[in-house]
Each structure stands twice: as structure tokens, then as C-alpha cells.
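Trainee: Those sequence lines, one after another, are chains A and B.
According to my numbering, the first sequence is numbered sequentially starting from 1.
According to my numbering, the second sequence is numbered sequentially starting from 1.
Rather than coming from a laboratory, the hints here were simulated on the basis of the structure.
There's no promise every hint is true.
[Said to hold, decoys possible] Below, computed lysine-lysine pairings styled on BS3-like, alpha-carbon distance capped at 27 Å: (1) B:K104 <-> A:K164; (2) B:K71 <-> B:K94; (3) B:K94 <-> A:K164; (4) B:K59 <-> A:K82; (5) B:K94 <-> A:K243.
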Amino acid sequence: MLLRRIYQFLIIYCAGILLLFLLKYGLQLSDYVIPSPIELWQTGCAEFVRYFKDVADTLRVAVIGQIISVIFAFIVGIAGRKATWVGSIVKVAAYNVQAYPIVALAPIIFILLGDGFIARLLIASMICYFPILLSVIGIMSEPVVDIEHFYRCTGRLRWQLEVKIRAFENLNKLTTVISGSATLAMAGTIVAEFIAANAGIGYSIRIALYQSDLARILSALFVIGITLSVYQGLLEWAGALIKKGWET
Amino acid sequence: MFLSCENLTLKYSHNGLPVLDNLCFEITTPGLHALFGHSGAGKTSLARLLTGELPVSDKFSSGAIKIRNMKTLLYSYNTERLPGWSAISHHLDKITPASRKTQKDDLITLFGLEPYMDQPFNRLSLGQKNRINLVRYLVQDFDLLVMDESLANVDERMREKIILNIKTLYPDRLLLYISHNLIEVAKFCDQIIVLRAVTRQPQCIVVQGQNHRGYQPTAQLPERTMLELMNAA
């Protein structure tokens, strides 16, 4: 699972780099526009440790943001699963708010909170929160009739049992959503760092962008991709372990 | 113990087509009775109306269901499942009232389910699943239990054994058995409510079953009742 993620990323990354080199040599572009393979390799070796530390910093914010999002999404999703007026309000609000590009609110957050850790965390959480919330609401508001029927008609269906049944029956979906939301959290944090932060890989990419240094940007993308693949692979592995442990 | 339907009418909510039309019947004695009829005749809908899972008076249904001396009405069906996170014994222990622990153990033995108690539900065969599901309903406090194809995929001998034991163990309860097995229904049930196509009137006819109470290896097949059922349906 973990290795498969890494292989997949390496294949896509190499294909992308190959395409760039085809463009470079096909259109005879200068090293200033697209660096040569040797320059790319040298930059990658020189910057790897620094970028790895930056990605680790970004990932730390993304992981905390994702955990906060998952917790909130479950709380609101469980509260909004019923066909009551509360549930309807939560669903309608979630669908409408998620239609708005949350990242557009980032400047307001930076104005209000400054460019530190909290602003990055808040943006990361907001970007991955709504997709998780919609999935959780969808899963939690869909009855598993064949299992719930007995408990319902004998008066034993407490909300905890209802949530447990629905979560268990949709564990694969939940794992996929949570694992997929890692990308969103990471994207949210990087976007926040692009805009105004003074740390993280987004900040480093922004500096490289100002210098038009594609070799550094590509090196940063490599480290981001590898790190995110490992993180997602670990999430999927943890999900599989939970499922296995829960079923036996 | 009394259950009656008076001019019961039901339309499907999704297309407005009638499924029950002016249905009238009554059951006045406890024991094993049957709902019999072709697929789509409305047996499940009727069972769900009787147990209160569908409302009797709304824009899709009308008429009256009268129930006397019965408080707890349960409806069980054959595709029900137990949650998969622990063994069957764990689930059964949790839903069995303390006073019925012995009864639960007896039923597990009678239904031939002892070897499967430590397994998760999804590893069992369909017949085993249905027997487990029936056990958990039988250990509840009920006055009426509808068994909608509850013994589907169970082999003949075991079905016969289960039906006879249920009749012996619950003589004072009303058991309404939905099955497509003509011989079984004719042989073991008391009153057989035959549901016919909605276009035929009366839509339902009550046939008297043989109501066998013990194991009779040499008993004749209840041909007469079977013929009546086939003609009625």
C-alpha cells in the first residue's frame, strides 16, 4: 500500500519531468526557462535537506489541521445525520459553504491573525474540512436498514450504535476520504504559505518563484510528493489495520 | 389475542399503484399462521402495516387494523444482518434479556447453531444467517412476530424441526409466517391468508391449514389444503 503510493508518485513525477525535457529540447528552450537534467540533479541534491525540513514543517501544520477537520466533521456530520430541522440546516449550510472557494478567505485570515502558525493551520483545516464533512454527512445519514432494523424495532437503536453501524459499514469510504483529505490539507497549508507565511515549503517555493528557479521548484515538488505519498500510504495502512482489528 | 384488517387499502408511494385493495381478514387465535401469495402480491407490505412499520392512515393507505391484547409487534425478514465487528455470541448476549438467557441457549441448540457462535456473521451461509436472525427475534418480548421468509435457504429437515419447536415453545404468541413453500405452509400453519392479485376481489382468502403439531414421518402430504391454496392464489 505504502510502496504502491510511492511508485505511483515516482511514475507521475518522472513522466512530468520527461515531458518538460521533451519540451526543452524539442523547442530548444534555454536552461533559464527549463533547467538541464544535470542542473536539476545538482539543485535537488543541494536543497534536499533544507526542503525536506520545510516540507516536514508544512506537513506538521497539515496533519494537525486535518485532525481538527476530521474531528469537527464527525461532530457536525453526526449531529446533521438526522432528518430533523437541525440536520437540514447543517446539510444545507455545509453544501452551500463548500461551494465557496475557501482559499479566497485566506487574505482575511492573514490580516486578522498575522502570518504565523495559527493562520496556516486555520486555512489548512478550512480547506479540507468541507469535503470531509460532506462525506461524513452522506455516510451518517444513510441508514444501513438490514442491520439497523432489528435494533430500531426492539427499541435498542441508540445514536452511538447507529453511528457505529454506519461507520463500520462504510469504513473503506471513510478511510479513502480521510486519506484523500491529506492532500487537501497539504494543499491548503502550501497555499497559505504562498500567500503570506514566513515558513514551510510554500514559502520556499514562493522565493524560488521570485527567482524564476524552476530547478528548485521541481526539487520542492519532488520532496512534497514523496512525503505526501508516505503520509497517505500510512493513513491507508492505519485504516486497513483498524478495519482488520474491528472485524475480528 | 385478536388481529383484524378491515377494508385495508395501500398504494405504493413511488408510483401510486394499488398493492392492497379492500383487504379484510381476522385472526383470533394464537399459533402459527401464514401469509401466502405470489411474489409482489403485497405480503411484505401487509406485514409492515400490521406491525406498524408503515402507517395505516396516510395519503397512501386507508382502512383499519384492529389489534387487541397484543403490545409488542415485531417484523423480521430474511436479509437482515448482524453487525460485523464481533462474534455472533457477543451480539446475541447483548440483545437477550437476562431472563431469557436459557431460552436463547436452548434455541441455539435446537436450531443447530452452536458451532458458529464464535464466528462473525458475514462468514455464515445464508441459511445459518437466517436462523441466527430468527433466534434473536424469538428471545425478545413479543406478542406478534412476522417471519418474512425467515427460514429461506434452510434445509427441509431443519425447517420442519424449527417450525415444530417454535409452535411448541410459543403456543400463546401470534406467529405470522411468510413463505413460498406450499407444502410447509399447508402442513404446519393454522390459518393461511392467501393474498391474490390486487385486481381480484376479494383480494384475500383464508384457507384452513393442517396445523401439524408434532413430527409425523408417515403423515400424508396435505394435498387437499395445497390444492385449495393453489386454487385460491
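Trainee: Tell me, which hint numbers fail for this structure?
Mentor: none
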